[in-house]
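Chemist: Each chain, written out:
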Amino acid sequence: MSRVVPVGWTLIAMALLAHQVFLWTGGLALESNVLALLPVEERDPVVERTLRELTERASQSVVVLVGAASETEALNGARAFGAALPPGRLVTVPFSAANPLELLPYREGLLTARQADWLARQTPQLLADRALALLQQPVSLRVGAFVEDPLQLFPEWLLEQGSALRVRSLGDQLVVDLESKHFIVLRYQVVGSAFSLDGEPVLKRQLAAATAAAPANVEVLMAGVPLFAEEAAVSANQEVSVVGFGSLLAIILIVFVAFRSGRPLVLVVLSVGMGVMAGLSVTALVFERVHLMTLVFGAGLVGVAEDYGIHYFASRQAHPGRKSVEILIELRPSLFLAMVTSVAGYAVLAIAPFPGLRQMALFSSVGLIAAWATVMAWYPWLDGGTVKQTRVSAWWSASRARWPTFSGARGALVVLVLVALALAGLTRLTANDDVRVLSASSPVLLEAQRRVAAAIGLPSPAQFLVVRGADEEEVLEREEALAAKLDELVRAGRLRGFQAISRWVPSPQRQRAHQRQFQTARHALLAAIADQLEAMPAPVPAENLLTVEAFLKTSLGVEFRPLWRDGSSIVLLEAPTSEVFPELASLSALPGVRFVNTTESISRVLGRWRTRMTELLVGGYALVFVVLAWRFRRSAIRALAPTVLASALALAVVGVSGEPLTLFHVLGLWVLLGTGVDYGIFLLEHSVTDGGEAWLAVGLGAVSTLLSFGLLATSRTFAIHAFGLTLGVGTLAVWVLSPMIIDAGRGSRRWPLRGPVKLTTPPSAP
Amino acid sequence: MMSTLVMLVAAAPTFDLTGKLSMAPVLTGDFTQEKRVKGFKRPLTSRGTFVVKRGQGVTWTTTAPFSSELVVSSDEIVSKQSDAVVFKLSAEKDPGVRLVIQLLLSVLSGDLAVLSTSFTVDGTSDRDAWSVRLLPRPGPLTKVFSLLTLEGHQYVEAVTLREVTGDETRITLSHTRPLP
Numbered sequence: 001m002s003r004v005v006p007v008g009w010t011l012i013a014m015a016l017l018a019h020q021v022f023l024w025t026g027g028l029a030l031e032s033n034v035l036a037l038l039p040v041e042e043r044d045p046v047v048e049r050t051l052r053e054l055t056e057r058a059s060q061s062v063v064v065l066v067g068a069a070s071e072t073e074a075l076n077g078a079r080a081f082g083a084a085l086p087p088g089r090l091v092t093v094p095f096s097a098a099n100p101l102e103l104l105p106y107r108e109g110l111l112t113a114r115q116a117d118w119l120a121r122q123t124p125q126l127l128a129d130r131a132l133a134l135l136q137q138p139v140s141l142r143v144g145a146f147v148e149d150p151l152q153l154f155p156e157w158l159l160e161q162g163s164a165l166r167v168r169s170l171g172d173q174l175v176v177d178l179e180s181k182h183f184i185v186l187r188y189q190v191v192g193s194a195f196s197l198d199g200e201p202v203l204k205r206q207l208a209a210a211t212a213a214a215p216a217n218v219e220v221l222m223a224g225v226p227l228f229a230e231e232a233a234v235s236a237n238q239e240v241s242v243v244g245f246g247s248l249l250a251i252i253l254i255v256f257v258a259f260r261s262g263r264p265l266v267l268v269v270l271s272v273g274m275g276v277m278a279g280l281s282v283t284a285l286v287f288e289r290v291h292l293m294t295l296v297f298g299a300g301l302v303g304v305a306e307d308y309g310i311h312y313f314a315s316r317q318a319h320p321g322r323k324s325v326e327i328l329i330e331l332r333p334s335l336f337l338a339m340v341t342s343v344a345g346y347a348v349l350a351i352a353p354f355p356g357l358r359q360m361a362l363f364s365s366v367g368l369i370a371a372w373a374t375v376m377a378w379y380p381w382l383d384g385g386t387v388k389q390t391r392v393s394a395w396w397s398a399s400r401a402r403w404p405t406f407s408g409a410r411g412a413l414v415v416l417v418l419v420a421l422a423l424a425g426l427t428r429l430t431a432n433d434d435v436r437v438l439s440a441s442s443p444v445l446l447e448a449q450r451r452v453a454a455a456i457g458l459p460s461p462a463q464f465l466v467v468r469g470a471d472e473e474e475v476l477e478r479e480e481a482l483a484a485k486l487d488e489l490v491r492a493g494r495l496r497g498f499q500a501i502s503r504w505v506p507s508p509q510r511q512r513a514h515q516r517q518f519q520t521a522r523h524a525l526l527a528a529i530a531d532q533l534e535a536m537p538a539p540v541p542a543e544n545l546l547t548v549e550a551f552l553k554t555s556l557g558v559e560f561r562p563l564w565r566d567g568s569s570i571v572l573l574e575a576p577t578s579e580v581f582p583e584l585a586s587l588s589a590l591p592g593v594r595f596v597n598t599t600e601s602i603s604r605v606l607g608r609w610r611t612r613m614t615e616l617l618v619g620g621y622a623l624v625f626v627v628l629a630w631r632f633r634r635s636a637i638r639a640l641a642p643t644v645l646a647s648a649l650a651l652a653v654v655g656v657s658g659e660p661l662t663l664f665h666v667l668g669l670w671v672l673l674g675t676g677v678d679y680g681i682f683l684l685e686h687s688v689t690d691g692g693e694a695w696l697a698v699g700l701g702a703v704s705t706l707l708s709f710g711l712l713a714t715s716r717t718f719a720i721h722a723f724g725l726t727l728g729v730g731t732l733a734v735w736v737l738s739p740m741i742i743d744a745g746r747g748s749r750r751w752p753l754r755g756p757v758k759l760t761t762p763p764s765a766p
Numbered sequence: 001m002m003s004t005l006v007m008l009v010a011a012a013p014t015f016d017l018t019g020k021l022s023m024a025p026v027l028t029g030d031f032t033q034e035k036r037v038k039g040f041k042r043p044l045t046s047r048g049t050f051v052v053k054r055g056q057g058v059t060w061t062t063t064a065p066f067s068s069e070l071v072v073s074s075d076e077i078v079s080k081q082s083d084a085v086v087f088k089l090s091a092e093k094d095p096g097v098r099l100v101i102q103l104l105l106s107v108l109s110g111d112l113a114v115l116s117t118s119f120t121v122d123g124t125s126d127r128d129a130w131s132v133r134l135l136p137r138p139g140p141l142t143k144v145f146s147l148l149t150l151e152g153h154q155y156v157e158a159v160t161l162r163e164v165t166g167d168e169t170r171i172t173l174s175h176t177r178p179l180p
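As they're listed, the protein sequences go chains A and B. Quick note: the first sequence uses my numbering, first residue 1, plus one each step. Quick note: the second sequence uses my numbering, first residue 1, plus one each step.
If you're looking for bench data, these hints aren't it; they were derived computationally from the structure. Heads up, the beta-carbon is just placed ideally off N, CA and C, and yes, glycines get one too.
Per label pair, the in silico range of CB-to-CB distance: (1) A:R79 x B:K80: 37 to 43 Å; (2) B:T49 x A:D117: 32 to 38 Å; (3) B:R162 x A:G493: 44 to 50 Å; (4) A:A524 x B:V26: 41 to 47 Å; (5) B:R162 x A:A524: 27 to 33 Å; (6) A:V143 x B:A64: 23 to 29 Å.
When you get a sec, could you build the whole thing from the sequences and use the hints?
Modeler: Below you can see the structure in the form of structure tokens.
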């Protein structure tokens, strides 16, 4: 073999190693937000940007509510909490008191529906009496001179607007009332990355320390995406270690038991290491951020990528007299085919438009190719000498001949029983594509999040309404029509509340109507009490209209900026529940209105892809069959049958376990197709009488793969768990079933092969 | 402005009306209110009765020229006209309201201890008679009031409230007596 290959691969390895050093010394940009795994299928730029901004905002902010029976106790509690919070990670978002008087120039156009209705029903004398009665009170709401707003309509408008907000100000603090307690609202922003690589729950610990410092009579509630992200990051971190090191330990043990020497051990670990490094490097280069879940999934690759090395050493052990190069050339077709089918199985994950799945597909595919390439490029070069015979290997190799097969009537019966069992399990399968099934957050966090969201009317980042129109006027008019419908839902108790810009900036048409009412009433009442008034110039009727732009520039408007984007209005919904979604969706029928529900659209995408990938799976099997038939002719069905049966059994187990069938189980079946047929390929390539090294390799590979997938199945992330479960059960079944089917009724006969592979003949250079 | 107030705070002796003012828990009486409002030729005069429950609430019943009622409790102010609510201010929703409630209660019962948290108190007293000038301390009140004066004997008899807008309210309380 030419020196170019090993030297070239060495150069690549060195580059990889350097890149790894860079990545692990801070160069690796990690993502822990579960939302980043999900598809962004939004073609509408306004919606897309809104979603991105809402998600970004949400992913940085933490809200803490410190509550007690009295405001003073709550304030003291909040002070103690704030003082005990270590600096650095959480930065207080100051509450800047808004000055509503900035809206004073526009007051004549700002009336509540109740005020407009009331004004329409008054006589000048009634208006005058009312104005004087208001004036005689020792307490009044009056802003500015009497003649400008004698009925005190503007302060009343402000008061009603304020009561629509759940949060009120108390000095320089925000307060919200919840369950007969007063809660001080503390808003924080997380600085820096939302989690650290060391897997320490920094935020949780800091917040717990601050909570402990608050007096015992106060209750502390906290909410925010960073808390969930950190929780996910901490558990993902543990999972990476458990899956990665667990699998590695298993390989070391298996290889050591089977080969009893250091060289196979080092070389197998080397090929796995190269695979994992290459997978990580390429993923980090292709994607801006590597998701923690990709690392968890990638750690599971350790148990799959070792197959090539193990096959090589099993063959070496079985043929002690032959050179490593010869062995490798003989193994080349089957190793290549096995690698291609596995890579194809993983590559299928990338078909669905899920960024997370694409990362996992890339990581795994590159990893497998690199592990295979390491075997091909380095082994003949690094592996001199002989591989020891061991008793374990011999016993295992020989076990293939003793393995039961599906022969005769008894075999048929066993197959029948298995099919019946699979069918029984399959009937219990229920699909659920709701994205919320995938959430693995702790109930404590979820409950606190729910209470905080309900208390302060936290708008949902996943559901909102977009209102469009030709111009601002049309948008505001359409939004007013929408707001009227939403008000009905609020009154019916179906919706907690909503935030709409037209509440503060009525449409020009409405503002002009208000101005007319306001000015007519003022004129009439001032005329009615003219004899009491000094000769003063009558107030000039205002004509200026409040625009969205002007409003958003006021100190009050700053908070409402997310409600307006590129001339479209965004109506935010306060903690909406899924029961009201159908009603909200029906509002899309209003002109210019669209209900955006990302939870539902992601669920829909999940469902669509689950169905599509299930249908395609049949095509996938057909394709693999064609490829196998090219090499194995009619026996190809024997290579494929164990995987088909194993897939059915894996699904049956999912059905029996009661967990809902998701896209991720189906994708697991695709990977199983890719990895499962490898067993068939190896066993078909090498018959029972060939010394059994293929069976040894399959067995060793299966044990480590099983362990990796088994560890993945323990993941708290549902998607990874689903892969692990499907593949774990599937791999076990393929392993057990393959010799039963492949060796059934054939005894010691070799399978007819196309191609030059014969271990007994000298290799010919291709 | 700021520094003047700070100096006043430093100079103001702690004025004490203990022994002069009645400490009866519930007082009732009549009032005459004269309001000079910018834009009006003459002061607006109204009359009525009041009930003050020390530290708890005030009921301000205007009988002329328009009958109306203002009920101030510890956490809200409700203004009524012929039994219909004209406006309702809740201290729960607006901390400014709590301040106003506190102010009303302490002005009518002459509670200088409470008032001195929001005002600098400067006063003169001559045997039974006393008179107090209150200047708002820097804070929300300075946006509304420029001066508050109280005078009286056993009870508060006159209150003058000057607002930054130039409007002035003078309330005269008479026939004040404790309610059993």
